[in-house]
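Protein chains in written order, with my numbering: chain A, 84 to 341; chain B, -17 to 213.
Simulated from the structure, these hints should not be mistaken for lab results.
Predicted model only: the values in this text are computed from it and were never measured.
Any given hint might turn out to be false.
The list that follows gives simulated cross-link-like pairs (lysine-lysine, PhoX-like), each with its CA atoms no further than 25 Å apart [to be verified]:
| hint | chain 1 | residue 1 | chain 2 | residue 2 |
| --- | --- | --- | --- | --- |
| 1 | B | K131 | A | K212 |
| 2 | B | K139 | A | K197 |
| 3 | B | K131 | A | K174 |
| 4 | A | K170 | B | K39 |
| 5 | A | K197 | B | K208 |
| 6 | A | K197 | B | K131 |
| 7 | A | K164 | A | K101 |
| 8 | B | K125 | A | K208 |
| 9 | B | K125 | A | K197 |
| 10 | B | K39 | A | K164 |
| 11 | B | K125 | A | K170 |
| 12 | B | K125 | A | K257 |
| 13 | B | K207 | A | K197 |
Now for the letters of each chain:
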Amino acid sequence: MGSRLLEINHMKKGFDGKGVLEDISLTVEEGEVVSIIGPSGSGKSTLLRCATMLEQMDGGELIYQGQRAVWEKTDKKGDVKCVLAPKDQMKQIKRTFGLVFQNFNLFPHYTVMKNIIDAPVSVDKISRKEAEERAWKLLRQLGLEDKAEAYPFQLSGGQQQRVSIARALALQPKILFFDEPTSALDPELTVEVLKVIKELAKEKMTMIIVTHEMQFAREVSDRIIFMEQGLIQEQGTPEEIFTSSNTRVREFIGKMNA
Amino acid sequence: MDTIWNILLDIYSMVLDLGAVMAQLAESFLVTVQIFVLTLVFSMPLGLIVAFGRMSKNRIIRAIVKAYISVMRGTPLMLQILVVYFGPFYVFRIRMGNGFRFPAVIIAFAINYAAYFAEIYRAGIESIPAGQYEAAQILGYNKVQTFFKIILPQVFKRVLPPVTNETITLVKDTSLAFTISVAEMFTKAKQIAAAEANILPLMAAGVFYYIFNLVVAWVMERLEKKFSYYR
Ligand SMILES: Nc1ncnc2c1ncn2[C@@H]1O[C@H](COP(=O)(O)OP(=O)(O)OP(=O)(O)O)[C@@H](O)[C@H]1O
Ligand SMILES: [Mg+2]
Chain A
84 MGSRLLEINH
94 MKKGFDGKGV
104 LEDISLTVEE
114 GEVVSIIGPS
124 GSGKSTLLRC
134 ATMLEQMDGG
144 ELIYQGQRAV
154 WEKTDKKGDV
164 KCVLAPKDQM
174 KQIKRTFGLV
184 FQNFNLFPHY
194 TVMKNIIDAP
204 VSVDKISRKE
214 AEERAWKLLR
224 QLGLEDKAEA
234 YPFQLSGGQQ
244 QRVSIARALA
254 LQPKILFFDE
264 PTSALDPELT
274 VEVLKVIKEL
284 AKEKMTMIIV
294 THEMQFAREV
304 SDRIIFMEQG
314 LIQEQGTPEE
324 IFTSSNTRVR
334 EFIGKMNA
Chain B
-17 MDTIWNILLD
-7 IYSMVLDLGA
3 VMAQLAESFL
13 VTVQIFVLTL
23 VFSMPLGLIV
33 AFGRMSKNRI
43 IRAIVKAYIS
53 VMRGTPLMLQ
63 ILVVYFGPFY
73 VFRIRMGNGF
83 RFPAVIIAFA
93 INYAAYFAEI
103 YRAGIESIPA
113 GQYEAAQILG
123 YNKVQTFFKI
133 ILPQVFKRVL
143 PPVTNETITL
153 VKDTSLAFTI
163 SVAEMFTKAK
173 QIAAAEANIL
183 PLMAAGVFYY
193 IFNLVVAWVM
203 ERLEKKFSYY
213 R
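For reference, chain B alone in the conformation it holds in the complex (with noise of 0.2 Å):
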């Protein structure tokens, strides 16, 4: 009786030291939104652009942002964001203050996720039968028309499964910010648990990654039932 009541007083102190240490992460949280937010925000249409290039028609073009995507998808994103952060150092011998460590990070991860994002676009565009464009152009369209009319919409509806697949691998993604330091909850977390020697703030985090995207997931869905009024 006694030891389950130990127990029991056990989970509810560890309980409320959790709740204290999210108190704590909760500031953080809110660079990791950021992060997240800024990085949607410029991937995304960057992502389009870039599959553009990937579909052009002049050889060159094709080849660069092949290679581009190639090497964004092949190398570690950790690695891109302390080439983008250390870099203007080593090119240009430009010293970048400690106010660049945020920007460096939305640079990174923008590029990078636009990379994905592009290819998701590419496969979403090239799944659209060749008949849709034909009846677009018998019917007098113009290619802006066709494209944003007939085509665009429907890629959306396609692309709305793999898309919210990254959007979930970048919520866990932004931890990666800690390789420059960026205060977000991560590296907030880690710092807690070295001078505390303790985990749970670590553990804290992850509640915080987990509600994150459940909430991210539970948008998405609504998206795609949005979408759905058609097949």
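Excised from the complex, chain A in its bound form (with noise of 0.2 Å):
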């Protein structure tokens, strides 16, 4: 395998004293596909909002490639806090990976190209042609040539799904993480992001991936993790997880299953 990309180390996380995320540690390999599974309210969200720093952990590490994006500190009163590295090296960090929304999260005032070139253009001041050239191959690949000069508002859930994600690959993350991208979409549709997801996994993309899916969940990942009440319970590959002895997790997955 290659190399380390992500290092979570005992990350915590609570909302107005509630403890949400209570120690989470979780390593990723370059062109690793991890599905994240567990009951609602589990933290999976909070996870993947902490790792794309969304949200500011309270307690541990975070590391991309090697590069510390936030670590403990330790306050002169004694207090420990989680401090974010310099504004020019998180600038850095933050190109490593993308994030795909439950509900997409399109831009609605700007075409589907616009879209997908913009951040591109505006943040990585790469061309606006090499920008399109790298548009129109996503689009190809995601079979949505013929949308490029659409509006959201004019297409399919998962249309705008497969948007995200080409708006997402734009930028040439070596990370990308799905926080339950075909939950917002009718079982027809979810078909076709599902799809799109798997032939990503296909490229070696490294993905993290929030899911209800369970059937994909086996199919695409090489490690699934269960989550439950702030904690990874358990964690293995899907043969390991479906097979798993542990009550809980049987139980979950009967009960999505059903």
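Build the complex from these two chains, which are given one at a time in their own frames, with help from the hints.
Structure representation (structure tokens):
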């Protein structure tokens, strides 16, 4: 396997004194596809939001490609606090990951093309021509080449989610996070989005996917993590998880398949 | 037969009179338009700054701006015009000349309308889903880019209907400038009406205001259409 892209050590996060992530440690190697499953409220989204720094963690350490993004520091009063890497380093670090949201969060006033090329052009400062070439390649790959000039409201949910995947990929992240990418979609639209993710897996895109689609997780993942009450209760290959002797895991998978 | 003829003649002469009065009012109508345009030019950007203050992380700034908005919306604009005009004298003992009448009206209107626009902008900004900010943050946009590229264009579209309402109100509010005898249309119409003991000038002014507002509504409708390319 390749290099270690992500390392999370003892991540903790609470809201208003209520612990949501108790102590999460996790590493992801290049090319790995990791699925996170677990009951509602177990902290899956919070884990992704802390890992992508949408949420500031309360304790622990977050490392991308060996570069520390967040770590603990004890202040003069002896309180432990998390600090962020300096701005210029953080900018570098943030380029290593992308996030696909459950409800897409496309920019409604931009066409599909503009949604995809705007960040590469105005954030990464690549030329418009290069950004468009990249975008066309992605649109073809995701079966959206006839939608370049459409606005998000003119697309189905499945198409919107594929655009949002294209938008994330256009910045060429090393890791892509997905938070329940299909749970806002009808079953038939779910299929087209899952197909795209499976193709990305074949191309060895490193991905961390929170999902309730058990069959999909089983097919696509190198590793599955079962979370409950802010802790990783169990992790292993799909076979290990689906044949786990842990009653909580069995119960959960049984309920999801029912 | 005769009476109908007489009535028609009466109406005809009234229309002629109305035309003549409207011609008399035309010049003062330009002052009205000036008040309208200058108020928008100043209050719309000022409103955005006030909206930022209202949403500031700093508690003191937020409280001050909140109080300002509250006073502006809670007291009559007519009173505010008087305060702006006479204020410098009562506070600093500075006697402002007649030349200050028009600027005083513009200042009063601008700070009053800025308060209303600020609340409209704030509601618009707060109605943009958090997901838009989060998507922008993940894609690496900085705060300024996020606001000007992602948020503000969407806010424009959302605030257009309430801004239209305010703008139409402003057309009618310009008449409050009569409070300090600025020679805008309403002031003029009242003068003529009093001198000639005739309400026709006031009617003529009404026609002007109405047509002005038809134009304003038309322009705003065009703007809304322009923004209807997305939902
Ligand atoms: N911003 C917040 N403020 C307060 N509490 C929060 C916040 N975000 C999440 N929580 C709480 O943290 C807990 C975990 O939420 P989280 O969204 O991470 O769960 P999840 O595993 O993603 O669930 P689901 O499968 O329903 O998406 C929940 O109890 C939730 O109410
Ligand atoms: Mg969730």
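The hints, checked one at a time:
The suggested pairing of K131 (chain B) with K212 (chain A) holds, with an alpha-carbon distance near 20 Å, which does not exceed 25 Å. Among the hinted pairs, K139 (chain B) with K197 (chain A) is consistent with the structure: their alpha-carbon atoms are about 18 Å apart, no more than 25 Å. Between K131 (chain B) and K174 (chain A), the direct Cα distance comes to roughly 19 Å. Compliance with the 25 Å bound is thereby established for this hinted pair. In summary, the hint linking K170 (chain A) to K39 (chain B) is supported, as the alpha carbons are separated by about 21 Å, within the 25 Å threshold.
Restraint check for K197 (chain A) and K208 (chain B): the C-alpha separation of about 18 Å stays at or below 25 Å, so the hint holds. For the hint pairing K197 (chain A) with K131 (chain B), the CA-to-CA distance comes to about 11 Å; that is within 25 Å, so the pair holds. At most 25 Å may separate the alpha-carbon atoms for a hinted pair to count; K164 (chain A) and K101 (chain A) meet this at roughly 17 Å. Among the hinted pairs, K125 (chain B) with K208 (chain A) is consistent with the structure: their alpha-carbon atoms are about 17 Å apart, no more than 25 Å.
Distance hint between K125 (chain B) and K197 (chain A) is fulfilled; the C-alpha atoms sit about 19 Å from each other, no more than 25 Å. The straight-line distance between the Cα atoms of K39 (chain B) and K164 (chain A) is roughly 22 Å, inside the 25 Å bound, and the hint therefore holds. Between K125 (chain B) and K170 (chain A), the direct Cα distance comes to roughly 13 Å. Compliance with the 25 Å bound is thereby established for this hinted pair. At most 25 Å may separate the alpha-carbon atoms for a hinted pair to count; K125 (chain B) and K257 (chain A) meet this at roughly 24 Å.
At roughly 21 Å between alpha-carbon atoms, K207 (chain B) and K197 (chain A) fall within 25 Å of each other, so this suggested pair holds.
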